[in-house]
Amino acid sequence: MSYSSFREPDASPPPRPGLLGRLAGNRLGMVAGVTASAVAVVIVVAAAAVYLGGDPAAEPDPANAANALAYASPSTGETNGQPAGQTEALGSVPSATPAASAAGGASPSAAAGASGPQAVTRPKNTAPGWLPVDDAAWKAQVNAYNALKIDPVPAGVGNLPEFRADCQYSHRLPDDPIVAPGLPGASHMHSFVGNKAVDADTVAEDLMKFTATSCKPVQDHSAYWVPTLYDNATGQPVETTGFRVYYRAQTKNPAGQLPMPNGLRMVSGDAKKRTPTPRGATGQFYCAFYGPGDLDGIARSTNGNWPICGGDATLHFMMQFPGCWDGKHLDSPNHKDHVAYPSGDACPSSHPVKIPAITFDIQYGAKGTPAGYYLSSDKDGKSASSMHGDAFVMWDTTTMNKRTKNCVFQRRTCDNYGYQK
Numbered sequence: 141m142s143y144s145s146f147r148e149p150d151a152s153p154p155p156r157p158g159l160l161g162r163l164a165g166n167r168l169g170m171v172a173g174v175t176a177s178a179v180a181v182v183i184v185v186a187a188a189a190v191y192l193g194g195d196p197a198a199e200p201d202p203a204n205a206a207n208a209l210a211y212a213s214p215s216t217g218e219t220n221g222q223p224a225g226q227t228e229a230l231g232s233v234p235s236a237t238p239a240a241s242a243a244g245g246a247s248p249s250a251a252a253g254a255s256g257p258q259a260v261t262r263p264k265n266t267a268p269g270w271l272p273v274d275d276a277a278w279k280a281q282v283n284a285y286n287a288l289k290i291d292p293v294p295a296g297v298g299n300l301p302e303f304r305a306d307c308q309y310s311h312r313l314p315d316d317p318i319v320a321p322g323l324p325g326a327s328h329m330h331s332f333v334g335n336k337a338v339d340a341d342t343v344a345e346d347l348m349k350f351t352a353t354s355c356k357p358v359q360d361h362s363a364y365w366v367p368t369l370y371d372n373a374t375g376q377p378v379e380t381t382g383f384r385v386y387y388r389a390q391t392k393n394p395a396g397q398l399p400m401p402n403g404l405r406m407v408s409g410d411a412k413k414r415t416p417t418p419r420g421a422t423g424q425f426y427c428a429f430y431g432p433g434d435l436d437g438i439a440r441s442t443n444g445n446w447p448i449c450g451g452d453a454t455l456h457f458m459m460q461f462p463g464c465w466d467g468k469h470l471d472s473p474n475h476k477d478h479v480a481y482p483s484g485d486a487c488p489s490s491h492p493v494k495i496p497a498i499t500f501d502i503q504y505g506a507k508g509t510p511a512g513y514y515l516s517s518d519k520d521g522k523s524a525s526s527m528h529g530d531a532f533v534m535w536d537t538t539t540m541n542k543r544t545k546n547c548v549f550q551r552r553t554c555d556n557y558g559y560q561k
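Numbering (this note's numbering), first residue to last: 141 to 561.
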C-alpha cells in the first residue's frame, strides 16, 4: 500500500491566494484526473468495509446548466426559531415552507482577460439559520427521480445499498462556509476535499458554477471538510491520503427512498468535545490493515489518545451522518436539527424523508508516534473526541437520482461510476 504525502510542509495558515486566482487555476485543472489502483482494505469494524482508490474510465461530465437550482434565503416565518410541524407521509414530497427569492448578485467568475481577472460581485453568504428548500426545485427533482427506470443490473453485483465518491485532499483554510459563513479566517483550520473553489464565502450557486473537484465521479460537485490533523512532535499537518464518501441506506426497507436535495448542509460530530480517547474508546482514530490486526494499534501515544499502527496499517476515521430529513430545510441553526437518524427501521415523523446517508471513510498517511497528534479543533486537549465533519451537498441531479434509484433504493453495491462489477 502506498500513500501520497500531504501537499504543504508548513503548519502555519497558508497565504490566502484569493478566490479568483484559485478558481482560474481550478478551471484549468478540471480536466486533470488522478489515477489510482483499486485497493480493498478489509476493516474489522461493525458494518464497515473500507475501499481505497478505484478509477474506471471516467463518465462524461454533464452540462450543469440543467441542474442549476434556486436557493432561498433563511426563513423568517418560524416560531421561536423552530420549524413548523411535519405531517407528510414517509417518502412523500413534503410541502416545504415557501421559499423566499434567492439572494441577488452574480456568481463568482474566474474569467481573466489581458489585464487580469475581472471584478465580480458575489452573493452574500448569510448567517446560519433555518434555510428553506426551494419547493418547486425539490418537487421537480423528485418527479424526475420517480420517472426513472432502474438500469439493468450486471451479473455479480453486490447487495450493499450504496454508492460513493472517492476524493483527494484539495486545500486547507481556516474557513467554514456552513458554521461561519462569510467570515474568512474565523474558524480553526479545515482540510477540504471535493469542490476546489470553497472558502468562507461559498454559497450553493458557487458549487454548481465552479465544479473543479478532487472527487470522482466529477458529477459530485459537493464540498466536504474536517479539522486538520497535526503531528504533535513537529506541528506539521498530516493531510488525508484517501477520503471516500459513501451514500448509503440506513434502513432495511427501501420504501419511500428519495435522493439527496442539492444545497443540503449538515455537520456530524462535536468540535467542542474534550474527552480522552484511550484504547477501546468510541470516536477514536483506528488502524486499518490487511488481514488480522489490532484496530486500536500495537501501542498508544504517550497520552493514550492515539493508536500506533503495526504492519501496513495506517490511521483511519469513519464518520456517519443522518439519513432522514425534515423535507423543509437545507440547513438549521446548529446544522443538525433539520436531519435525524432513523428510529428502528424507519425515519421519525419529524424527519420523514428518507435520503442516502453520508459516511466519511478517511485515510491518513501516518502510522502513529509516541508524541501522537492533535486536531485543529482541540490543540490543547490533544484527543480525537473533537473530530467532526461538514458536508455541503451538490450533485448533478440526474447522476444523484440514478445512483439513488439504482443503488440505494434497489439495494445494489455501486462504485464511483455505477454498479460495482
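Think of the hints as simulated: they come from the structure by calculation, not from any bench.
There may be inaccurate statements among the hints.
Listed below are the simulated DMTMM-like cross-link pairs for lysine to aspartate or glutamate, each with C-alpha atoms no more than 20 Å apart in a straight line [what the hints assert, rightly or not]:
1) Lys413 / Asp520
2) Lys412 / Asp485
3) Lys519 / Asp410
4) Lys519 / Asp371
5) Lys507 / Asp371
6) Lys507 / Asp410
7) Lys476 / Asp371
8) Lys545 / Asp291
9) Lys413 / Asp341
10) Lys507 / Asp434
11) Lys412 / Asp291
12) Lys392 / Asp485
13) Lys545 / Asp477
Hint by hint, work out which the structure violates, then give me just those numbers in ascending order. 2, 6, 7, 9, 11 and 13
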